[in-house]
Amino acid sequence: MTTLSPIPSPVVQGNQIPRKRLYGIMAEFHDPAALMAAADKVRMAGFRWWDCHTPFPVHGLDQAMGIKRTILPVLVFGAGMTGTMIGFCLQAFTNAASFSIWALVWVTGYPFLISGKPLISLPAFIPVMFELTILFSALSAVGIMFLFNGLPRWNHPLLANKRFLRVTDDRFFIVIESRDPRFFASRTEQFLKDLGAKAVEMVEA
Amino acid sequence: MSSLPVNRQTALPGFQESDNTAENPGVRAPLVLNMDRFGQVTRQVCQVAESKKPPFAWYAAFTISLGLVGLLGFCVNYLIFTGVGVWGLNNPVMWAFDITNFVFWVGIGHAGTLISAILFLFRQKWRTGINRFAEAMTIFAVICAGLFPGIHVGRVWLAYWLFPIPNQMEMWPQFRSPLLWDVFAVGTYFTVSFVFWFVGMVPDLATLRDRATGRIQQFAYGLFALGWRGSNRHWHRYERAYLLLAALSTPLVLSVHSVVSFDFAVSQVPGWHTTIFPPYFVAGAIFSGFAMVVTLAVPARQLFGLKDLITLRHLDNMNKIILVTGCMVGYAYSMEFFIAWYSGAVYERFAFINRAFGQYWWAYWIMVSCNVITPQLFWFKSIRTSIPIMFALCLVVNIGMWFERFVIIVTSLANDFLPTSWDFFTPTWVDMGTMLGAFGLFGILFLLFCRYLPMIAIAEVKATMPQADPHWSGYAAHDDHGHAGGSAQPSFASPDALRSPGSGPDGGPSAP
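Protein sequence lines correspond, in order, to chains A and B.
Just so we're aligned: the first sequence equals residues 1 to 205 in my numbering.
Just so we're aligned: the second sequence equals residues 1001 to 1512 in my numbering.
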C-alpha cells in the first residue's frame, strides 16, 4: 500500500484562515432601495462573479447590476419555427405522402383522399401547425431558461446558510464569490460593510 | 406615496370587508391591505399550507368531493365495462352531456389563462392576487374536460388512435378533421398552462421550502422549488421566459376555444355551421371562467383569511369583466338569431326558432336568463361589491353557461334536416352521475391545491407593493440612496475608479 503525500493546504489570503473553502461573502439588506444603491457600487467596483438575491424581481436592478439582455427570445423563436415545420411535415407526411421513412421504426405515409380535396390542404393543417409552434416555443422558453440558470440545482452553498433562508421572504442579499479576481476576503468584507449592509457574513462552500 | 382611503363596511354579520374600490386616477389603489411589510404577505399566504389543520369547512368540502369522485369512478367504470349505451344518447343525438361537459370545463379554464397571460401583457397588477389559483383552476378544469372525450370514444383502450403513433394498421389520424385539431389544441393548452403555473410557482415553493420545519415538507417543497435562490441573474431570464409564456398563451387560449368551436362550426348541422362561433365561444369561455373564479375566490378568501390579498377591488374588477363578457355573449345570441333570419337558409331559421320555442325551450330560456339578464345586475356597484350577491350571481352564470353548451349541442342534433330522424335526448343516471362526479374531481384537486400549495403568487404580490419600488423610501431614510452619484463613496462613481477600482482610498478590492 502506497501512501500519497498529503495534499498541500490552499494558500490562504490575508489574515483569514477559513476552516472550509470560502464560497463568498454575503451582505444583507432590508429593502430594495438600499440593495439597488449597493449593487450599483459593486458593479462599479469591477466585480464579475457576484449576484443579488431578492424575494421578487426588483425593477431596475438589471441595469444597476449591468446584466446584459438574455438571448432567450431568439432561441425561443427558433424553437417555435421548428415546431411549425414539424407540424407541417407531420401532417404532409402522414396524410399526403406515399413513401416510407425511418423514424425509429419504418413508417409509411398514407395519402388520405377525401372528397377530392387536395392532399396537402394547407388551411386545414394550420391549427395543428399553430399549436405545435406554441408548444415548442413554450417548452423551450422554460427549458432554456432553467438550463441557462443552472437549475435545478438542489445543493448550493447559499442554500445551506441560515441567514439566507429569508431571501425568499423579505431580505435582499448581495453575494460576491471568492472566485472573483478582485475578491480579497478581508477587503471585500469591509467593502460590503461600507455599502450599508445590515449584516455581512462569510459563506462556506 | 399617498393612498386612497379604505373604508370598512359590513355587508352581513361576519362578512367584514375593507372597501378599496374607490377610484382616483391620480393615485394607485392599494392591492394589498393592512400590510406594509413583505414578511406579512409571506406569512399570510404560507399560514394556509403551514397550519396543522385546515378549517372544518375544508374537511366538509373534501368529504363531499371524495364522495362525488367515487360516483365518477363508478359511472366511468360502468360505462367502460358496459358501453356508451348506458348514456341517454340516441341517433341523432350522439353528443349530449359528454361534449356539453367537455366544452363547459374547457371554457372554465380560459379565465385562468386570461388572468395569467392577457392581464399580464396589459400590466394589470391586480391579477397577482388571483392568478395562481385561477391558473390552478385552469389546469384542474382541463383535466375534467379531457376526461369526457376520453370516455366518450367508447372503446377507451383505443384512445391512442387520436395521436399520430405508428401502429400495425399503418394508419394515421385524419388531420383535416377539427376533432383532431382539438386533440392538439387541448393537449397543448394543458401542457402550456401547467408549465406556466409551475414556473410561476417555483419562487413561492422556494419560500415554503425555506420556511418549512418538517423534514417531509422541506424535501417535498425543496424538490419542486428546483433550488431556486432568488438570484437576480435568474430573475432576469425568468421574467423574460414568463413574458414569453404570457405572449404565447394569449393566442393559445384564443385558439383553443376557437378550435373547440370548430368541432361544431366546421360541420354542416344547422345551428352549428356559423362563422360567429369562434369569438362567441371565446367570450363565453371567459365569461364562465371568471364566474368560476369568483365562485372559488369568495369562499377561499373567507376560509383561509386572504381578504387582504384578494380584496374587494379584485372581486369588483372580475365582476366588471363578467358584465362585459356577458354583454358579448348576449350580443352573440341575438346576432345568431338575426343571421339565421337574414341568411334566408330554411334549416338555419328553423334551428333557431326551434331552440327558443321547440322541445328544449326551457333550456334556451334558462340560458338567456342566466347569461344575458343576470350579469346586467353588475352595472350596480353595490351589487358588484356585495359578497353574498356576487357569489349567488356567479353560480347562476355557471349554470347558465352549462345550459348554453347543452342548448347548442343537443337542440341542433335532436332536430336536424330530416323530421323522420328527429328524437329527444333524456339523460340517464349515468349521465348525471358523471357530470356531478366531474365537479367532485375538480373539487378534490382544488382543495388539495389550497391546502398544500401557495394559493397566491407571493413573489408577484410583493412586487406590486409600493414598498417594492426601489425609489420608495417609507419606513426608513436611506442616506445611500441614489445611482452612481452617491455621496457615500464618491470614488466608485468617478471614471477613474471604474478603470482602477483597486486604487480606491477606502479599502476597495484589489486584484490579488
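Honestly, the hints are just simulated from the structure, not real lab data.
Note that the Cβ used here is the ideal one computed from N, Cα and C, for glycine as well.
Don't take each hint at face value.
List time: in silico BS3-like cross-link candidates among lysine-lysine, alpha-carbon distance up to 30 Å [stated by the list, open to error]:
| hint | chain 1 | residue 1 | chain 2 | residue 2 |
| --- | --- | --- | --- | --- |
| 1 | A | LYS193 | A | LYS68 |
| 2 | B | LYS1320 | B | LYS1307 |
| 3 | B | LYS1307 | B | LYS1381 |
| 4 | B | LYS1053 | B | LYS1320 |
| 5 | A | LYS162 | B | LYS1320 |
| 6 | B | LYS1053 | A | LYS162 |
| 7 | B | LYS1307 | A | LYS68 |
Listed next, with one range per pair, are the computed distances between beta-carbon atoms [as the list claims (entries may be wrong)]:
| hint | chain 1 | residue 1 | chain 2 | residue 2 | range |
| --- | --- | --- | --- | --- | --- |
| 8 | A | ILE120 | B | ALA1057 | 52 to 60 Å |
| 9 | A | MET85 | B | MET1169 | 46 to 54 Å |
| 10 | B | GLU1170 | A | HIS59 | 53 to 61 Å |
| 11 | B | ASN1091 | A | CYS89 | 36 to 44 Å |
| 12 | B | ALA1057 | A | HIS59 | 50 to 58 Å |
| 13 | A | THR82 | B | GLY1070 | 39 to 47 Å |
| 14 | A | GLY150 | B | LEU1121 | 27 to 35 Å |
| 15 | B | PRO1055 | A | ILE120 | 22 to 30 Å |
| 16 | A | ARG163 | B | SER1051 | 46 to 54 Å |
| 17 | A | GLN190 | B | VAL1324 | 58 to 66 Å |
ask   = Between LYS193/A and LYS68/A, is the straight-line Cα distance small enough, at 30 Å or below?
value = holds, 27 Å
query = Could one say that the CB atoms of ILE120/A and ALA1057/B fall in the range 52 to 60 Å?
reply = holds, 57 Å
inquiry  = Check whether the Cα positions of LYS162/A and LYS1320/B lie no farther apart than 30 Å.
reply    = violated, 46 Å
request  = Assess, step by step, whether the Cα of LYS1053/B is no farther than 30 Å from the Cα of LYS162/A, and give holds or violated.
outcome  = Status holds; Cα separation ~27 Å.
query = Regarding the pair LYS1053/B and LYS1320/B, is the alpha-carbon distance no greater than 30 Å?
reply = Outside the cut-off at roughly 35 Å; violated.
ask   = When you take the CB atoms of ALA1057/B and HIS59/A, is the distance between them in 50 to 58 Å?
value = For ALA1057/B and HIS59/A the Cβ distance comes to about 39 Å; the hint is violated.
inquiry  = Looking only at beta-carbon atoms, does the pair ARG163/A, SER1051/B fall within the given range of 46 to 54 Å?
reply    = Distance hint for ARG163/A, SER1051/B is violated at roughly 26 Å.
ask   = Falls inside 58 to 66 Å, the C-beta gap from GLN190/A to VAL1324/B?
value = holds, 59 Å
request  = Mind checking the alpha carbons of LYS1307/B and LYS1381/B for me, to see if they're no more than 30 Å apart?
outcome  = Satisfied, since the Cα-Cα distance of roughly 19 Å is no more than 30 Å.
ask   = CB of GLY150/A to CB of LEU1121/B, is that within 27 to 35 Å?
value = Holds, since GLY150/A and LEU1121/B (Cβ atoms, about 28 Å apart) stay within the stated range.
key: Consistency of beta-carbon spacing, ILE120/A to PRO1055/B, with hint 22 to 30 Å   = violated, 59 Å
task = Take a look at whether the Cβ-Cβ distance between GLU1170/B and HIS59/A falls inside 53 to 61 Å.
result = 57 Å Cβ-Cβ, so the 53 to 61 Å window holds.
The structure does not agree with the numbered hints 4, 5, 7, 9, 12, 15 and 16 stated previously, though it agrees with the rest.
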